[in-house]
Amino acid sequence: MARHTDHLGRPIVAVTGIGIVTSLGVGKTDNWAALTSGKSGIRPISRFPVEHLNTRIAGLVDFLGSSNSGPGALTYELAATAARESLAQAGLDGSGFGGPLFLASPPVELDWSERFALYRSSSEEEGYRRLLAVARGQNHDTFFLNTQFGTIADRLADDFGATGLPVTLSTACASGATAIQLGVEAIRRGECTRALSIGADGSATAEALIRFSLLSALSTHNEEPSKASKPFSKDRDGFVLAEGAAALVLESLESALARGAEVIGVLSGCGEKADDFHRTRSKPDGSPAIAAVRAALADAGASTDRIDYVNAHGTSTPENDKMEHLSLSTVFGERMRKIPISSNKSMIGHTLSAAGAIEAAVSLMTMREGVIPPTINYDVPDPAIELDVVPNVKRSADVGMVLSNSFGFGGQNTCLVMAREPG
Amino acid sequence: MGAHDVVITGLGLVSCLGEGVDAHWRALTAADATPAIDTERYPPYTIHPLPAIDWSLQIPKRGDQRQMETWQRLGTYAAGLALDDAAMKDEAMCASMDMVIAAGGGERDEAVDAMILAASEARPDLGVLLNEKLTTELRPTLFLAQLSNLLAGNISIVHKVTGSSRTFMGEEGSGISAVQTAAARIASGQSDHVLVGGAFETEHPDMLLGYELGGYLHRDTWKPVWQRQGSVGGGLVSASGAGFLVLESRAHAEARGRKPYAVLDKVVAGRSSRKGDLAAEIGKLLESCLPGEHPALCLSAASGAHAATAAEKSALDARGSIAARGFATRTGHLKEAAFPFAVALAAIVVSRRTPYPAFDAASEAAYGGPVDAVLATSVGYHRAEGVALVTADA
Numbered sequence: 000m001a002r003h004t005d006h007l008g009r010p011i012v013a014v015t016g017i018g019i020v021t022s023l024g025v026g027k028t029d030n031w032a033a034l035t036s037g038k039s040g041i042r043p044i045s046r047f048p049v050e051h052l053n054t055r056i057a058g059l060v061d062f063l064g065s066s067n068s069g070p071g072a073l074t075y076e077l078a079a080t081a082a083r084e085s086l087a088q089a090g091l092d093g094s095g096f097g098g099p100l101f102l103a104s105p106p107v108e109l110d111w112s113e114r115f116a117l118y119r120s121s122s123e124e125e126g127y128r129r130l131l132a133v134a135r136g137q138n139h140d141t142f143f144l145n146t147q148f149g150t151i152a153d154r155l156a157d158d159f160g161a162t163g164l165p166v167t168l169s170t171a172c173a174s175g176a177t178a179i180q181l182g183v184e185a186i187r188r189g190e191c192t193r194a195l196s197i198g199a200d201g202s203a204t205a206e207a208l209i210r211f212s213l214l215s216a217l218s219t220h221n222e223e224p225s226k227a228s229k230p231f232s233k234d235r236d237g238f239v240l241a242e243g244a245a246a247l248v249l250e251s252l253e254s255a256l257a258r259g260a261e262v263i264g265v266l267s268g269c270g271e272k273a274d275d276f277h278r279t280r281s282k283p284d285g286s287p288a289i290a291a292v293r294a295a296l297a298d299a300g301a302s303t304d305r306i307d308y309v310n311a312h313g314t315s316t317p318e319n320d321k322m323e324h325l326s327l328s329t330v331f332g333e334r335m336r337k338i339p340i341s342s343n344k345s346m347i348g349h350t351l352s353a354a355g356a357i358e359a360a361v362s363l364m365t366m367r368e369g370v371i372p373p374t375i376n377y378d379v380p381d382p383a384i385e386l387d388v389v390p391n392v393k394r395s396a397d398v399g400m401v402l403s404n405s406f407g408f409g410g411q412n413t414c415l416v417m418a419r420e421p422g
Numbered sequence: 000m001g002a003h004d005v006v007i008t009g010l011g012l013v014s015c016l017g018e019g020v021d022a023h024w025r026a027l028t029a030a031d032a033t034p035a036i037d038t039e040r041y042p043p044y045t046i047h048p049l050p051a052i053d054w055s056l057q058i059p060k061r062g063d064q065r066q067m068e069t070w071q072r073l074g075t076y077a078a079g080l081a082l083d084d085a086a087m088k089d090e091a092m093c094a095s096m097d098m099v100i101a102a103g104g105g106e107r108d109e110a111v112d113a114m115i116l117a118a119s120e121a122r123p124d125l126g127v128l129l130n131e132k133l134t135t136e137l138r139p140t141l142f143l144a145q146l147s148n149l150l151a152g153n154i155s156i157v158h159k160v161t162g163s164s165r166t167f168m169g170e171e172g173s174g175i176s177a178v179q180t181a182a183a184r185i186a187s188g189q190s191d192h193v194l195v196g197g198a199f200e201t202e203h204p205d206m207l208l209g210y211e212l213g214g215y216l217h218r219d220t221w222k223p224v225w226q227r228q229g230s231v232g233g234g235l236v237s238a239s240g241a242g243f244l245v246l247e248s249r250a251h252a253e254a255r256g257r258k259p260y261a262v263l264d265k266v267v268a269g270r271s272s273r274k275g276d277l278a279a280e281i282g283k284l285l286e287s288c289l290p291g292e293h294p295a296l297c298l299s300a301a302s303g304a305h306a307a308t309a310a311e312k313s314a315l316d317a318r319g320s321i322a323a324r325g326f327a328t329r330t331g332h333l334k335e336a337a338f339p340f341a342v343a344l345a346a347i348v349v350s351r352r353t354p355y356p357a358f359d360a361a362s363e364a365a366y367g368g369p370v371d372a373v374l375a376t377s378v379g380y381h382r383a384e385g386v387a388l389v390t391a392d393a
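Residue numbers (numbering that gives the first Met the number 0), protein chains in the order written: chain X, 0 to 422; chain V, 0 to 393.
Chain V on its own, in the form it takes in the complex (with noise of 0.2 Å):
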């Protein structure tokens, strides 16, 4: 235990489950579990969608509600959470708070593509169209509503949070990168409190196109994330959410007396080849960070694409002394989020000293050993991997 020990001290979560921590706790250890999903708007895929939410509650301002797409909107709302549960929106705490955002990009307009690409079918002159439609029809403020680096430029409007901004880009890569770099720095004194996380909203079938150009989104009826092997598609269920952690350095959450969640103990990342045995190198991203027996429950991002999601079941079942819980079962795959939730959910469950029931009791093992060490873990569908360590607080 020491002063640059990196504890959990806000959590900021966003899901069909509902929002903020109690939320997710209560539907995450509920004897009913239906999923909530969507299979209407756009089929033959089945979506996770966002819950109703109140957006002014954490964005007072109509104006700066309409200047941000849902995407960037969802982030800022959960970014609030977070920053409200570590008790920490105090104008000089915001003012020096680092930021580490996982972004992908915001929604297009769906109607001018569509007209663009209808358009497209009667004319030769494709780029002569483009500048005829795009310079008449594109609102001018959509660029900045869905440009990447824009959801951290709005939790500086919106909360001031202002230290620094920075975001990183690359699928669920991003952010596994946010939250190792963010810990990195709090570790080494480079930070003491930083806000970090995701957010990604797939109500929008520009970003179920990027999933399927690859094959990657499940088409079958829905199934538990472990189960879908086999099924048409791809095995991925996508889903609305957000999982934002506010990390402190220990000394840095002790003078202001907060009591943390947990210590996010160690965060380790690869990038194995995916034609490799990516079984094995999960394994030793796990042994890195829980050697030996430990029994230890697992908060599994798992997307359920098949052969992310075959490897990491292998690797996870070939240690007996871990359960896994591939929480996507209930709140569907949040991409950018998915390791930021999955870090969220480990230091929920070590708090709270009381372990999650299997979230699919047809394929997790039931659990009643020690909850004081937890992994987490996002396995992405097409490339990255990592693993986080989180503990209790002593």
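Isolated chain X (complex conformation) (with noise of 0.2 Å):
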């Protein structure tokens, strides 16, 4: 009889089921086959004007049925899209999925779309007392949900059956880590055996793109999009914003077992650590992100040794890269140099609050596969940062055990340790 609980005695986790939704496509077998074979989701932008702005370039998900109806109507699609998938997989369709969810997504606002509605549709005041006068005019159904953070977790519960009360989260760039940790820890504690984690992100607008621009933080590689994402290069010049989702049925092994579902991986550990150095920058001796991936090899049992590759954190920009190369150098040594590690955001984009939860399903992936994708763009090689990233071109690998890192504004660092195969 296959062993049930881990190395401290907590159920192991399985994974079931994954959905995904990225610039690359719906669902795993076109977003497995672009990613294997180093495709850029990166266009330029066609959703909104780009007049003005330094960059013109992003990973959208242009193909949805709302893809032009809003954040919070492309969020809810993306999170729904992948979900669906993740459950047929699983073998879940069809009936009250019976478990909670976790839901990590944009922080919501109104659309500037919809305030220009509202201040359309009045010539009495001026500024938000207008708007608010309008809005107590009349009903706005639509436009209040849009508002309502807990929203999209509300019909995503309604949608699948999940059970009790969802839990809806944002730790920025590791917001899809954390939903995963957060069905890891209830299956743990036993309040459920199975859990559904969402990582979405449809909220690239106007306003986000020069929200981040403002920040220097975005590539304005604008002449050739699919180059622009070029993690580990000396010449990155920035993260590409872009949108997707994933989804990941978490259940307990001796369930999924017990009901004859097949097991994709096991989501072995997870460790986070706040970093309280500055708002968006690392502190200088990577101690936050060095924590994080210890934590998440010690809840997982495993010594540095077991990890066969790392899916990075791999934003493109100076600092990160340079950050990532540092804490994972001093955590595995010179074994790093030799460790596989690439980035699926050269293709894909950074995807915020999904990226941690389509970075997991494409680790899952990886290992189930033997292929790792590559890290494209890679043709000027940073001499600081001694890594193999699989350069441009995919590796046939027996992965086992896989690394998967998210590092976000905020001082957020959480990592994920996964395997083929129990115990």
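None of these hints come from the bench; they were simulated from the model.
Cβ atoms here follow ideal geometry from the backbone N, Cα and C, with glycine treated the same way.
Among the hints, a few may not be true.
As the list claims (entries may be wrong) - Okay, derived cross-link-like pairs now, SDA-like style, lysine to any residue, Cα gap no bigger than 20 Å in a straight line:
| id | chain 1 | residue 1 | chain 2 | residue 2 |
| --- | --- | --- | --- | --- |
| 1 | V | 88 | X | 276 |
| 2 | V | 159 | X | 286 |
| 3 | X | 233 | X | 317 |
| 4 | X | 337 | X | 392 |
Said to hold, decoys possible - Covered stretches of chain V (in silico footprint by chain X; criterion: 3 or more residues with CB under 8 Å from a CB of chain X, positions within the stretch not fixed):
| id | stretch |
| --- | --- |
| 5 | 166-172 |
| 6 | 258-271 |
As the list claims (entries may be wrong) - A few chain V positions that, by computed beta-carbon distances, are all more than 12 Å from chain X:
| id | residue |
| --- | --- |
| 7 | 0 |
| 8 | 22 |
| 9 | 53 |
| 10 | 55 |
| 11 | 110 |
| 12 | 151 |
| 13 | 351 |
| 14 | 354 |
| 15 | 364 |
| 16 | 371 |
| 17 | 391 |
Reconstruct the complex from the two isolated chains, following the hints.
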């Protein structure tokens, strides 16, 4: 009989379903084919005008029904699309899911199209006084729901029959990993036998792009969009804003085996550590990221030599890639030069709230398929970053355990350790 | 009683009543109960404003203060109060401390928005207008000063809480889930000390707009929270304030010789269909925390929103042994912070062994029973319900 508990006597958490949507397409099949052929989903922006913008490229999901319906509608559709795929794979579609929902999604605000619509429906007063006067004059259910942070998870919980009060969370660019961590912890506590963890982000509006631009965070490599995201390269100049979603069905190994579900992989460990140095910059010694990696390994009960591959946060900003290299080199020592590490963001850009979930999904597929997706656009290596970034071309490899990193503004550091086989 | 009991050892409170445990106890037990309200700034709405705060008492660096809008500053301030109250401002203690924050969004730049809206009346190319104005008028640092997870980020920077940092979103429900998750982590041994709480700053028209698009704001003359049915508007009187808790395992608190305020015995949460029988669903949550006829005070975070508040009142009234204290009558509605604030007020009354008087004598029954088991509720104006049971430390 298989062992159902881990090194600390906790239920082992299996993954029994994966769903994914990125600018490369809908579903695991299309995304995996594109990711392993080194295809970029970064394109010129057509959703909104780009006049006056320094960055005019993004990895937008422009092919869904609600791609032009605002961040709330698109984030919901991304999440629901990924969730449906994951539940179908897990064999849990069609009935109530019967477990909690953890949703990583972007903070919401009224969209500018809505603000303009409200403003134009009156000529009395100005600014917010007018918006408030219009608001109290009539029913604005759709607009209202778009201002409520709980709306998307509420709809998803209804759609899929999640139990209890769903959790919507943000840990900035680590959100997707945190959603998975919350699911893992709930199963380990014995509160549930399965959990649905989703990271979704359809918030790439003009204002979002401008905000990141004003922080000098974005690549301005507009001429060749597919070349803009170049993690670990010497000429990297920022991340590329992107959209996407991934959903993972997490399940106690015991429950998965009992119902004959296919075990895709195992969530072995989660680690986190907050940084108190600065709102956007990491502590110069990298100690928080180092602590997060070590915490994930300790939680998994794994020594550093068990890690066969690192799915990098790898945003393509000068700061992140330098600090990620420093942190990993500290934890793994000399061996880090030989551990393959690649950044999915080189192809799909930075999907913000969704990134941690998408990258966990790709990590699990990497182990299953025995193929590591490359870091594309690696043409000018940064001599200060000595890493095997699986440059430009996929690689076959026997990968039994993966470390996936997620680091975000606000000192957020969350790392996941995943394994191909239980135990 | 066990090592993994979840005990409450620190409270950080800010509301229109003042700041800190003693100020709130005094205000809530005072005979004179004139509400601290402002009817001038956002007519026709009444709000409960922040008290005067010397931010530097908890956020010593001016540079840090400048990096935050008021909501983040308020939360960071109240978090500091809770850490002080728990005697937890210790480097090693904070470095291993977990954190779950219930957050909304921050304040937009009202002037920039107004400028764009005004210009929009003469422009057909709204997309280009947005790019033109936002690229030149937005303060670069405003993004971070209003970003949801940056309240937690600032607490890490200012108070050095770095064990972990998670931000939950979703109005009252985020506060409920934050407390529930923090307590569950301690009870299971996943954590031994957690900072949990939230803040809401209502003195910004954008924050009022979110409510009013759903028709939730009270527009009539001010009334106590249980007496707004039938008044003009939606019944909710919004407020600025914050509620933070330091939760610990009993073993962790005892090891450092801290006497807890109370035990956080149970937290339950629900997401009822608001088209169904909400009162019955609230009733089930109440029963699961305190079954039978046990007499108890209930610190209710009822917002005043008509349907939700009527359902909660009906659920509470159906249990004759429960005496409700709707503290929004005194503080206004605190949104994400409502549930942590309710739990904090429950912890205070349990530790002082004396019940709060009625906050609205016309609607709330007098209570002279025991205060060894006190309920705290939050029924969201639009969705999410939570109930906690707070008990006396043996």
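What hints, given by number in increasing order, does this structure fail?
11 and 12
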